[in-house]
Amino acid sequence: MKLRADYIAGGAFVALGIVVFVLGWDLPFGRITAPGAGMLPKLLASMMIAFAIIIAVAGSHGETLREIPWSDFSHAALVIAIAAIATLLYSKLGFLLTMPILIFALLAVVERRNLVMAAVFAVSLTLFAYWLFAIILKAPLESGSLWT
Amino acid sequence: MEVLSSLALGFSVALQPDVLLYALIGCLVGTLVGMLPGIGPLAGISILLPLTFGLDPTKALIMLAGIYYGSQYGGSTTSILLRIPGEAASVMTCIDGNAMAKKGRAGAALCIAAIGSFVAGTFGVIMLTLIAPPLATFALRFGPPEYTALLVLGLIFLAYMSTTSLIRTLLMAVFGLLLGMIGIDVVSGHFRFSFDIPELGDGIGIVPVAVGLFGLGEILSTPSRDVKNDVVAPKFRELLPTRDEMRQSAGPIARGSVLGFFVGIIPGSAHIISSFISYAIERRISKHPEEFGKGAVAGVAGPESANNAASTGAFVPMLSLGIPTGPVIAVLMAALLIHGIPPGPSLVNEQPKLFWGFVASMYVGNLMLLALNLPLVGVFVSILRIPYAYLYPMIIMFCIIGVYEVNNSVVDVWIMLIFGVVGYLLKKFRFDPAPLVLGLVIAPIFELSLRQSLIMSGGSFTIFYQRPIALVLLLISALLLGLAAWGAFVARRDWRAKMAAEAGESA
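Line by line, the protein sequences are chains A and B.
Quick note on this note's numbering: the first sequence kicks off at 1 and runs consecutively.
Quick note on this note's numbering: the second sequence kicks off at 1 and runs consecutively.
These aren't lab readings, by the way, just hints derived from the structure by calculation.
Restricting the straight-line Cα-Cα distance to at most 30 Å, the calculated cross-link-like pairs of lysine-lysine (DSSO-like) are:
| # | chain 1 | residue 1 | chain 2 | residue 2 |
| --- | --- | --- | --- | --- |
| 1 | B | K102 | B | K294 |
| 2 | B | K103 | B | K287 |
| 3 | B | K103 | B | K294 |
| 4 | A | K42 | B | K428 |
| 5 | A | K42 | B | K427 |
| 6 | A | K138 | A | K92 |
| 7 | B | K427 | B | K294 |
| 8 | A | K138 | B | K353 |
| 9 | A | K2 | B | K428 |
| 10 | B | K102 | B | K287 |
| 11 | B | K294 | B | K428 |
| 12 | A | K2 | B | K427 |
Computed from a prediction, not measured in an experiment: that's the story for all the values here.
My request is simple: use the sequences and hints to build the entire structure.
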């Protein structure tokens with residue numbers, strides 16, 4: 001059996017619907033005269049499961065998982081990993097240290113640019129953003145818990 | 001006469017030098033946001049939203065709205081010169097706009113797009129001026145059942161118009177509504193799906209979800225090796241279209257303006273849908289449909305006018321009903337709420353300076369954009385020459401700043417990253433994320449109005465057909481649902497799918 005894209009997509013949403021049911025099991029359903037906090041989430045989860053099953057069933061002639069173009073996957077994975085590390089560091093190191101690291105990493109690791117150029121661009125852009133947001137527009141930027 | 005005196009009040013606000021400055025900043029930023037691939041009006045507005053906290057609400061709204069309609073102008077520049085849609089609504093302009101550019105008519109295509117945008121934008125503002133106040137008065141009759149029915153109509157209309165399948169669109173809308181259930185239940189006070197994370201107590205914000213899906217998601221699926229910067233730069237003297245090109249564009253601009261405005265009023269990703277419909281109509285009624293895809297003037301004039309008129313039309317439900325027609329409008333509504341001003345029917349009477357000042361600023365803004373877009377085309381072209389490899393790290397940085405600034409919360413940045421991945425996967429599996437965001441936006445209003453309706457009626461659903469307005473809205477919803485189901489089951493390939501396929505063939 002070929003693994004169709006819609007089987008995966010439909011299956012994922014069925015699973016999500018079940019997760020909503022499990023997590024919201026304790027929420028009161030209420031009565032139709034006084035709906036509880038759990039009524040709408042459970043109704044919506046039921047609808048999600050129903051729609052997802054239709055998609056999976058109707059997708060028996062759709063494209064296979066291999067036919068989806070995944071050539072951008074390594075780019076996406078690297079970008080998201082670097083952004084996640086930057087987010088971890090953001091509240092600790094603050095804006096002025098995290099952002100140059102983020103931009104430098106994206107240029108050096110993902111784009112394989114010249115390291116000096118990447119460093120100059122990363123520092124210049126961060127300083128420009130700091131000047132624009134913190135000084136001109138007076139927007140509070142994260143200063144970092146390590147320094148305060 | 002009352003409208004004219006109110007409009008005079010609006011111009012007295014909009015023409016103040018500091019208000020003009022904020023309108024200009026909004027239009028400039030909007031043009032840039034529309035031009036840059038990977039950052040649409042939603043991400044742009046979200047990033048700049050925290051910066052408006054210190055402004056008075058009129059200036060904040062004027063600047064943010066300027067970004068929105070400015071982005072519709074800016075999107076055409078990238079589409080025509082680079083064949084990359086700066087934002088989703090400009091997809092159709094890519095086809096014939098870039099074909100015109102390759103024939104040496106880039107300047108004319110830009111000029112036609114700018115004139116079309118100006119005419120449509122101005123038409124939209126005139127209609128907004130005439131329609132919004134009486135609609136607001138009418139909306140005072142709306143109670144919870146009417147709001148519930150209206151929101152159902154919005155979702156069904158979006159599903160009906162969507163170029164992906166009805167079921168996929170409805171699934172995305174349900175997903176969005178479920179996300180909107182996260183946080184404290186406003187009626188009973190129960191915590192729902194918040195996993196003891198205090199930041200989730202208030203629910204998931206629209207900004208991190210939307211920036212993740214549309215901003216980061218786009219960047220993840222666009223490696224720099226796929227982006228070509230071969231800009232076709234027009235010379236200034238080539239900007240004026242010929243008399244024949246002007247004649248060919250007049251009809252499409254007029255049709256696109258009317259169509260776009262009325263599509264824009266209905267909840268959904270109206271400005272995107274309107275440009276698709278406009279392109280399909282122009283191609284269908286053209287005496288030379290074979291020219292579409294090869295540089296047809298109508299293929300630029302129609303969609304560009306339609307998306308601008310739609311972006312103005314989208315303000316009608318926001319200002320008169322307090323209902324967001326899409327994620328961008330939802331963020332603008334959030335901006336008003338942050339300033340303590342609830343958008344809705346009472347806005348016209350209780351905040352006349354804000355309402356009319358905002359309307360008047362849109363007349364001024366459209367003029368500014370016309371003046372900006374043509375003479376500054378050389379400047380914009382040089383921005384487009386920045387390699388994408390350097391551009392997207394900058395966009396990611398601005399996304400993080402923008403999302404973090406809304407609540408000073410790293411949790412929001414994590415949500416943005418998660419939805420970046422979700423957006424990437426949804427694109428791979430051919431799901432449109434727009435209904436998801438609309439579902440998230442309307443979830444709190446929908447749940448509250450539905451539960452209030454049921455409490456009012458003692459649990460009887462008859463309340464929805466005992467009240468004439470709600471009944472009419474639900475009948476329209478049922479009709480649209482029936483038509484969509486007919487298209488899916490009987491005709492197999494309905495007009496929306498054909499339209500998408502035709503657009504794909506032309507591209």
